[in-house]
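**Student:** Quick note: the first sequence uses the working numbering, first residue 1, plus one each step.
Simulated from the structure, these hints should not be mistaken for laboratory data. Remember, it's a predicted structure, so these values are computed and weren't measured experimentally. Fair warning: there could be bad hints in the mix.
[What the hints assert, rightly or not] Think about it this way: if two alpha-carbon atoms lie no more than 16 Å apart in a straight line, the pair counts; the simulated EDC-like pairs of lysine to aspartate or glutamate are: (1) 22 - 89; (2) 129 - 75; (3) 22 - 106; (4) 22 - 52; (5) 129 - 162; (6) 22 - 104; (7) 22 - 53; (8) 22 - 75.
[What the hints assert, rightly or not] Label pairs and their in silico Cβ distance ranges: (9) 164 - 217: 28 to 34 Å; (10) 12 - 128: 17 to 23 Å; (11) 143 - 82: 28 to 34 Å; (12) 16 - 190: 42 to 48 Å.
Virtual Cβ for every residue (Gly too), placed ideally from N, Cα, C.
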Amino acid sequence: MPELPEVEVLVRHLRPCLEGCKIRHCEILRERTVRPERPETIRQRLCGLRVEEVRRRGKYIVVRLSGRGTGSASECLLHLGMTGRVWVEGMDRPLPAHAVMVWELDGRRLVFSDPRGFGWCGFDGSVLKRLGPEPLGRGFDAGVLARRLGRSRQAIKGRLLDQGVVAGLGNIYASESLWVARISPFRQARDLTSADCGRLVRAIRQVLRRAIRLGSSVPLDWAGTSADGLFYFGRKPGLESAVQERFAVYDRAGERCFRCGEEIRRAVQAGRSTYYCPGCQG
DNA sequence: CACCATGTTCCTTG
DNA sequence: CCAAGGAACATGGT
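Please work from the sequences and hints to get the whole structure.
**Tutor:** See the structure below:
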């Protein structure tokens, strides 16, 4: 469920559930999920700590924990990969088949479930240092984007997926942003004018804000048992109306462009699907 | 069975 | 040395 908007909505949801809670036990059901530390190290580092703050950076969930007595603060990172989910539930429920980690709180528990197993939990904060600016923060404008794109001959779509250029865009919202900015995903990054960069920055912000607003306004199934993709893939019966026209191009190959009526196309760039409108993204 | 999927890292190739 | 592309990770849905 993970691009910036989904993680942001999730973090807002988790904040009141977690902040102030003490972690009584930590159970790791899939060892690969925790890294680079060993499972036993993670368990020891988490046990007995209190959650001081839950925040987001890019697609990462950052959990700040207060130390045992001596004030040794630490930050635990969670990344959801492609299919990771995190929620807090009562202790009476059966654990899902793909639970990879569980934190026992007082009378409740946090469940990290991840069928595909690309998600991650650990204390190595170095990944955060490599991230580009927050697209919704002040440090992101046309000049910054242009500088980060540099002289790259790579297609702009691919550059937007690089978390060092801007933090939090993924395959869906990269396509969406380019459509809003009317920029072809195949343009070489170095060829974008400053006007293009300005439109792209505004488009990215608009697309992400709208997705966060939408995700905050729809009743979400955090555990995702009904397979609604939390808030992707609103084609599920009963949810389509709420999320209709959520995506202008993503997963809409063969359908008509809302702006010019052309048929949306799908292409493959660097092994990943790109959706675009050949009519208005010249 | 074939192909597709919201991500990141590592390796190879040019 | 760098840029770019592809494989790998692993599982489920269509």
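**Student:** Against this structure, judge whether each hint is valid.
**Tutor:** Each hint, compared with the structure:
Annotation: proposed proximity of residue 22 to residue 89 holds, straight-line Cα distance about 15 Å (limit 16 Å). Restraint check: the Cα-Cα separation between residue 129 and residue 75 comes to about 14 Å, which is no more than 16 Å; the hinted pair holds. Between the alpha carbons of residue 22 and residue 106 the distance comes to roughly 7 Å, so the proposed pair stays at or under 16 Å and holds. About 9 Å separates the Cα atoms of residue 22 and residue 52, which keeps this hinted pair within 16 Å; it holds.
A hinted pair counts as satisfied when its Cα atoms are at most 16 Å apart, and residue 129 with residue 162 qualifies at roughly 14 Å. Pair hint residue 22 plus residue 104 holds up; C-alpha atoms about 8 Å apart against a cutoff of 16 Å. For the hint linking residue 22 to residue 53, the alpha-carbon distance of about 12 Å falls within 16 Å, and the restraint holds. For the hint linking residue 22 to residue 75, the alpha-carbon distance of about 14 Å falls within 16 Å, and the restraint holds.
Between residue 164 and residue 217 the CB atoms are about 32 Å apart, so this pair conforms to the stated range of 28 to 34 Å. Hint check: residue 12 to residue 128, Cβ distance near 19 Å, so the stated range 17 to 23 Å holds. The hint said 28 to 34 Å for the Cβ distance between residue 143 and residue 82, and at roughly 33 Å that hint holds. Restraint check, residue 16 to residue 190: a C-beta distance of roughly 45 Å satisfies the suggested window 42 to 48 Å.
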